[in-house]
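Those protein sequences? They're chains A and B, same order as listed. Under numbering that gives the first Met the number 0, residues 0 to 105 are what the first sequence spells out, in order. Under numbering that gives the first Met the number 0, residues 0 to 539 are what the second sequence spells out, in order.
These are computed hints drawn from the structure, not numbers from a lab. Ideal placement from N, C-alpha and C gives every residue a C-beta, glycine not left out. Fair warning: there could be bad hints in the mix.
Claimed, not checked - Chain A is nowhere near these chain B residues, computed Cβ spacing over 12 Å in every case:
#1 Ala40
#2 Pro135
#3 Pro178
#4 Gln195
#5 Gly197
#6 Arg207
#7 Ala211
#8 Arg301
#9 Gly307
#10 Ile310
#11 Ala368
#12 Arg375
#13 Ala418
#14 Thr426
As the list claims (entries may be wrong) - Selected chain A positions facing chain B (in silico; Cβ < 8 Å):
#15 Arg56
#16 Ala57
#17 Ala70
#18 Met71
#19 Ala79
Unchecked claim - Some chain A residues flagged as far from chain B (calculated, every beta-carbon gap over 12 Å):
#20 Asp1
#21 Gln4
#22 Leu24
#23 Glu47
#24 Glu63
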Amino acid sequence: MDKAQLKRALHIAAAILVVVLAIGLYKAKTDAARTETHVRQLQTQIGETEAELRGLRAAIAAQESPGRIEAMSEEQLDLAVGGQSSALPESAIGETLPSPRRAQRP
Amino acid sequence: MRPLPFLAADRAAAAPAEAAPVRQRVRFLAIGILAVLLLLAARATQLAFSGDPLAGPRGGAIAAAARADVVDRNGVLLATSVRAFALTATPSLVWNAEETALALKRLFPELERSATVRRLSDSSRRLVFLRRALSPAEREQVLALGLAGIGFEAEDRRVYPQGVLAAHALGFTDVDLNPLAGIERGLEAEIRAAGQAGRAVRLSLDVRMQYALETELDRAARAAGASGGAAILLDGRSGEVFALASWPRFDPNAAGQASAAQMRDRVAGDVHELGSTIKPFTLAAALQEEVTATGELFDLSRPFDIDGNPIEDHEPISGLVGLRDILAHSSNIGAARLALRLGGARQRSYFERLGLTAPARLQVGRNQAPIAPAARGRRDVAGLGFGYGLAATPAALARAYTVFANQGARVEPTMLLRAPGDAIERTPVFSPEITRQVLAYLRFAVTDGTGRAAEIPGLAVAGKTGTAEQWGADAYEEGRNFSSFAGIFPAADPRYVIVLALDETGAGEAGGAVAAPAVARTLRRIAPMLGLRVEPRAEE
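If we strip away everything but chain B, and leave its shape as in the complex, we get (with noise of 0.2 Å):
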């Protein structure tokens, strides 16, 4: 149908008019349009130039374990964290607090009854925490009593799968994970760091050894009828401490049921005057400063008289002697004197350099500095010399005797194990030549000295004995004895050092008696552990 002229003619007239604001509308909306798809289009190229947006670190990802795993130099497992619950409450949703307060104390009876009714009746909480770290099969108890309002929450728990085995090592935490003893203070930074990195922490003990050197000091102890034991076992050149035992034992599991005996590190917690192991180093000063010669004879027959203060021997020695006997047959008298000859200032100096006046520096949290006062006259530098009047702890003790191992230089002992090629700091303090005299020296007191039970034929260990009267209310006690063995293994080639020591032994239980069984006992489980051939005891 054609449209009526004039309509037609009236369209055309008035077209111009009306399309223009039309037009300029249309050309505003295709800007517009043109505008939303170049954002769109802009947003689409950033997002596929922008890698994966899944790619990056989000709020739910795998939350990094708290404390790293803690493992022997061969992998096991020494500490690590596992999966635990702790038992929560809704007192709104509880429908009755005495009963649910009644069936929880069934599970648990430390749960006191009236003190869980109240928390659970308290409407004014959200959430009540009524008990940590629960075990998964704990859990599955409490579900299966479908109570109404109690939930859990999961939490993190230390374990140490290893029970009582090298529980002052490893120490403990609380039960938010805070470190409280041994290395887990120690090295509470490398452990979170390692934990954050998704690592282990390696430490030098064995487990192996670990396990024997404890069950040798459990015996020694217990036949000893010791109030305490520790024993520290180390490779003296590298300064990694192979195992590190104290006695009487607990389990850091159940750390709050043990007492507060039972969880004393005696290793580098507790000092005592050492008493003959320090011999060693007063005959090597003596030596080292030529206050005496090799050949040089004493006569040790009657007691030695220092400012009216008699020093005498426990068994006397008759007839002229040499410095091999000295220590063979641990004579005060006889040290006594190297320790005169040597004088105050030198004595303190060689002390300071073995590092008997300074607290180890074992990563196991607590280091218990020594008593080392100055001596005040001859017989404070007398009794220094057989080792009284300086009390210092076993693992300071076994430090100093790594410069036997080292050619008379001082290794740092370490619970880490170290890498290949890493700088060992060592610090020199007797030359190597009055070193392996010395070393001859502490070989004869085992073959034939004061130190025999602590021979193993096949081994060759050296070593010293020492028993320390251990101080009274105002005197020394014949009948309270600190008695140790210091030894060196093997004498051709000195490399490990072991220090037993038994705390509170009676009169009579001299070092010599009860601790160098334990060492030889030791040492024969041991060897083979560390490639050393032992040949079988006589009596088998």
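Next up, chain A with everything else stripped away, as it sits in the complex (with noise of 0.2 Å):
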């Protein structure tokens, strides 16, 4: 291969070189554009999913507040409010419940 040929084979593959490296970079482009479209899309979705779960959250919060718990223990378990301070002494347990029974030998 002599010199002229050489030189133009050199262009040719300059030439090839740039018409890859514009493709790639317009394809680079292009993917960081899709993934930044789908990046915003997450971002959206997360901000839903999380106005859902602040939503939500509050809704359990409502749901258990201590008024509600206590309407329910005393409709559905009997449960009046009080029911602690009415619990027997300490002194008085002994009285009231039956000593323990001692286990017999075998």
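Take the two lone chains, each set in its own frame, and fit them into one complex as the hints suggest.
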């Protein structure tokens, strides 16, 4: 291969490289734009989900409010407020409950 | 085929002259291409080493919440921002303004039809807002109508999942999330900063205790026919407020429908002459300044005359009594005598150190300053000794009572949960010995004095009742009282402070009759939450 042919081959290779680079750059930009769009979609989705979660957390807190729990315990379990204070004092436990049985020897 | 000899000779002769500019152009082209290649290579290298171009902040990033969630000390949600929608219209796209307005009014009766028609017909505007803060369900209802030109803009709405619970403490915002009251206003900067950081603001409140206090305050206020009520429960050592209640209540989710009286925070926002709940401080100051001694006896059987103004006790005390009985029987005469011995200047100094002459610093938006004029004579000094002539908030009174939980030092109440190891500022007022002595007197006031209704077997409550007549048109009115109870418990290891007050109670409805029982009922419910044991009621 003489010098002129070598030059021509180099020019052709350089031209191909430029075209490949241009196409590669275009593809990279397109991919980046697509990814960015996807990221934005995901961010919007996350925002929506977070908003829904906040709403759900608020609903749960409302369901678990002390007033509602108290009303339910009175209505369904017959446990009125103040039940704790009507528990037996320590001193009366021994008199009210039977003493523990001693284990029988075999 | 070989070239003709004459042509080959011509070309050979012409070649050097024609080839030179062509070669020059090719060289320029090659240099240009090389330059472009170098530029591309440099940019590619820069991109390769400049990190992820998608990792940086972008315009479409998730918007941080404008206001952070507010939770109680156990993480229970008290306030949050949820997705809402503003109802909008594009007038140029609305087909029939009359029908559209009618359809919307069926869903939202508060929308005035004529005004809506006018706005829907205003083609000079690109977009008009018709209603704010629609819930997702309301949005669905509007969508189902299929109205042309009607749309929505997403926005945040502040909601309070606990409803009326802790409403006065939390406060509320307007539709644009601007704070208007409560901690929404008092902690505005913290709530916004926490919202940007994506964390919650944790309060010292406990919803369980808050519920118990509010329920009992509501019950007591209704039973006494009071016009208002206030109550505060706090850890006297750290200053953390566990519960803070005002009555009547309102729902901050519908604050616009509440009256001014309902929305009034009476704990830090209302001042009253506090009455006999001040007497323990008069007694402690007198002991501290050694103008009296533990063993001194007083004859309180006759009215005490000050420059022609007689001071009397509600129930005359016969015989000689000690300091303990002055508190237990809430003697105005005894407190007035001690106050006069103390003198106006020293009395003022103690009130200042107790924080009774300055507004509380609770983070609730508004702390009303006390009305505390300087005493102008013996009568004023005597009156201040038993709680007249100085008007302060229940929050300020609770702050003063923290001296009994800190061996004589005052602690500033706070609505924020303290981290372990946080420095707590303490202002010394009384010596530990004097504080213990007065605390023992306060315990006696509950076991044998005017505060008997606050006694809870097993819990050892110490405290003082207060019944202050309220100023009418030109005189104090007997039938209009400010009835209160200020307590510390457990007396053996004083830590917690509670103040409960009822406004405009009737004649005979003294603090010991209406406020002390409410405190007892509240503490029975709250004690187990604080790890304290109470004995069962005798009647149960």
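Hints, verified against the model:
1. Ala40: violated, 9 Å
2. Pro135: Violated, since 8 Å does not exceed 12 Å.
3. Pro178: holds, 18 Å
4. Gln195: Non-interface label stands for glutamine 195(B): nearest chain A Cβ at 14 Å, farther than 12 Å.
5. Gly197: Label violated. Min Cβ-Cβ 10 Å, cutoff 12 Å.
6. Arg207: violated, 6 Å
7. Ala211: violated, 8 Å
8. Arg301: holds, 44 Å
9. Gly307: Its Cβ never comes within 12 Å of chain A, the nearest being 52 Å, so this holds.
10. Ile310: holds, 41 Å
11. Ala368: Its Cβ never comes within 12 Å of chain A, the nearest being 34 Å, so this holds.
12. Arg375: Arginine 375(B) clear of chain A: closest Cβ-Cβ about 49 Å, beyond 12 Å.
13. Ala418: Correct as stated: the minimum Cβ-Cβ distance to chain A is 24 Å, above 12 Å.
14. Thr426: Non-interface label stands for threonine 426(B): nearest chain A Cβ at 35 Å, farther than 12 Å.
15. Arg56: holds, 6 Å
16. Ala57: Hint on alanine 57(A): holds, closest Cβ of chain B at ~4 Å, below 8 Å.
17. Ala70: Not OK, violated: alanine 70(A) not within 8 Å of chain B, min 11 Å.
18. Met71: violated, 14 Å
19. Ala79: violated, 11 Å
20. Asp1: Answer for aspartate 1(A): holds, closest chain B Cβ roughly 16 Å.
21. Gln4: At roughly 14 Å from the nearest Cβ of chain B, glutamine 4(A) sits farther out than 12 Å, so the non-interface label holds.
22. Leu24: Violated, because the least Cβ-Cβ distance between leucine 24(A) and chain B comes to about 7 Å, which does not exceed 12 Å.
23. Glu47: With a cut-off of 12 Å, glutamate 47(A) comes too close to chain B, as the shortest Cβ separation is near 8 Å.
24. Glu63: violated, 8 Å
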